Amino acid sequence: MAADQTMNAFSPTFADEELIREPTGSSIYEPDHVVGESGRRYHGYKEGSYLLPNDEQAEQDRLDFQHAMMTLILGGKLVMAPIVETPKKVMDVATGTGIWALEFARANPGSYVVGTDLSKIQPQPEVPNCHFEKDDCEEDWLWDPTFDYIHIRQIVTGIRDPKRLFQQVYDHLVPGGWIEIQDGTMELDGEGVEDSHIRKWFDYCAAGATAKGFDVRKAKHYDSWLKNIGFTEIQAHRFEVPCSPWPRNLQAARIGAYQQRNMHDGLRGVSYLLLRNAGMSPEEIEDFVQATKVELREGKVKGYSYFYVVYGRKPL
17 MAADQTMNAF SPTFADEELI REPTGSSIYE PDHVVGESGR RYHGYKEGSY
67 LLPNDEQAEQ DRLDFQHAMM TLILGGKLVM APIVETPKKV MDVATGTGIW
117 ALEFARANPG SYVVGTDLSK IQPQPEVPNC HFEKDDCEED WLWDPTFDYI
167 HIRQIVTGIR DPKRLFQQVY DHLVPGGWIE IQDGTMELDG EGVEDSHIRK
217 WFDYCAAGAT AKGFDVRKAK HYDSWLKNIG FTEIQAHRFE VPCSPWPRNL
267 QAARIGAYQQ RNMHDGLRGV SYLLLRNAGM SPEEIEDFVQ ATKVELREGK
317 VKGYSYFYVV YGRKPL
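In terms of my numbering, the sequence shown opens at residue 17 and continues consecutively.
Think of the hints as simulated: they come from the structure by calculation, not from any bench. Just so you know, not all the hints are guaranteed correct.
Under the rule of at most 20 Å between Cα atoms (straight-line distance), these lysine to aspartate or glutamate pairs were calculated in the EDC-like manner [said to hold, decoys possible]:
#1 K228 <-> E196
#2 K316 <-> D164
#3 K105 <-> D160
#4 K104 <-> E149
#5 K104 <-> D187
#6 K318 <-> D160
#7 K318 <-> E299
#8 K318 <-> E196
#9 K216 <-> E154
#10 K318 <-> D211
#11 K179 <-> E155
#12 K216 <-> D205
#13 K316 <-> E256
#14 K234 <-> E196
#15 K243 <-> E196
#16 K93 <-> D164
#17 K309 <-> D205
#18 K228 <-> E311
#19 K318 <-> E207
#20 K316 <-> D281
#21 K316 <-> D205
#22 K236 <-> D211
#23 K309 <-> D187
#24 K93 <-> E311
#25 K136 <-> E119
#26 K105 <-> E149
Computed spacing ranges between beta-carbons, pair by pair [to be verified]:
#27 E155 <-> A269: 40 to 46 Å
#28 N244 <-> D205: 23 to 29 Å
#29 N244 <-> E207: 33 to 39 Å
No experiment lies behind these values; they were computed from the predicted model shown. Built from N, CA and C at the ideal position, the CB exists for glycine as well.
Can you make the complete structure from the sequences, with help from the hints?
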């Protein structure tokens, strides 16, 4: 079965040109949550291991919307690794709302997909070949080493030691199995972006993450780390993601519209803990977030962040 057919079927659920995104109806309330200073809910299991909220509607719907944007960046694909046959056993690490795992499982009934996350916010799957587990991927893995493909996405604010994580992936893949990491970086480049609130937001968030032991610009090193572990056939792809629909290219502008909405809706929730860690007071955060939102809505800052897709294969 060719990798660019069933395995990469694109669900058009969120292909709304006006960006009117209806809630999924699958948002989940997690009973053991904790309420942070921001008023948002965060995971209670291994508290502090992940810096973003996990509350229903606001964050979970944003993550689903973000999934649509990332799939658009990849041209409608769920997978970029050149897998020739449908993998029998798949793991989706840091599955979030589980939307990638569910879409992959629906498209590939011959695969059994396990999604793991610190937060149990995934819906009860109606897809018989998909299963979710509450698990900390930074602890020692107890899974059998029988996976054919392991997918990891958006670990930028959730993994302190990605090299150890990638080693565990290597140890739990079958010979010939694939790892694929899809991750963004919290930085903004582009002409004339230096004094913008958006650029400062990325920089302050990066500083706040560093204070808690997270490097939010680590994706540029993933390919070399995979090579050092022993993976082969490694490829790294870097995509520019506009912060608003400023590019003339229609596809890039559409991605920018998604990112503008994604950032605007998630700005406070995504960054509150990070900005507090960077030394801002709650009052300063509220003022700064509002000013950044205004700048995002105006769309005059012609900047872009980066989205990396890196994959490699365990030798046969």
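Structure-based check of all given hints:
1. K228 <-> E196: Not OK: K228 and E196 at ~26 Å, beyond 20 Å, violated.
2. K316 <-> D164: 45 Å, violated
3. K105 <-> D160: 11 Å, holds
4. K104 <-> E149: 18 Å, holds
5. K104 <-> D187: Holds, because 17 Å separates the two Cα atoms, which is no more than 20 Å.
6. K318 <-> D160: 47 Å, violated
7. K318 <-> E299: The given pair, whose Cα atoms are some 28 Å apart, is violated under the 20 Å limit.
8. K318 <-> E196: 30 Å, violated
9. K216 <-> E154: 30 Å, violated
10. K318 <-> D211: Holds, because 12 Å separates the two Cα atoms, which is no more than 20 Å.
11. K179 <-> E155: 13 Å, holds
12. K216 <-> D205: 11 Å, holds
13. K316 <-> E256: 17 Å, holds
14. K234 <-> E196: Roughly 15 Å separates the two Cα atoms, so the pair holds.
15. K243 <-> E196: 13 Å, holds
16. K93 <-> D164: Holds, at about 18 Å.
17. K309 <-> D205: 18 Å, holds
18. K228 <-> E311: The given pair, whose Cα atoms are some 28 Å apart, is violated under the 20 Å limit.
19. K318 <-> E207: 7 Å, holds
20. K316 <-> D281: Judged against 20 Å, a Cα distance of about 18 Å means the pair holds.
21. K316 <-> D205: Answer holds: K316 to D205 is near 14 Å, not above 20 Å.
22. K236 <-> D211: Judged against 20 Å, a Cα distance of about 24 Å means the pair is violated.
23. K309 <-> D187: 43 Å, violated
24. K93 <-> E311: 31 Å, violated
25. K136 <-> E119: 18 Å, holds
26. K105 <-> E149: With Cα atoms ~15 Å apart, K105 and E149 stay inside 20 Å; holds.
27. E155 <-> A269: 40 to 46 Å: 42 Å, holds
28. N244 <-> D205: 23 to 29 Å: 27 Å Cβ-Cβ, so the 23 to 29 Å window holds.
29. N244 <-> E207: 33 to 39 Å: For E207 against N244, whose Cβ atoms are near 35 Å apart, the range 33 to 39 Å holds.
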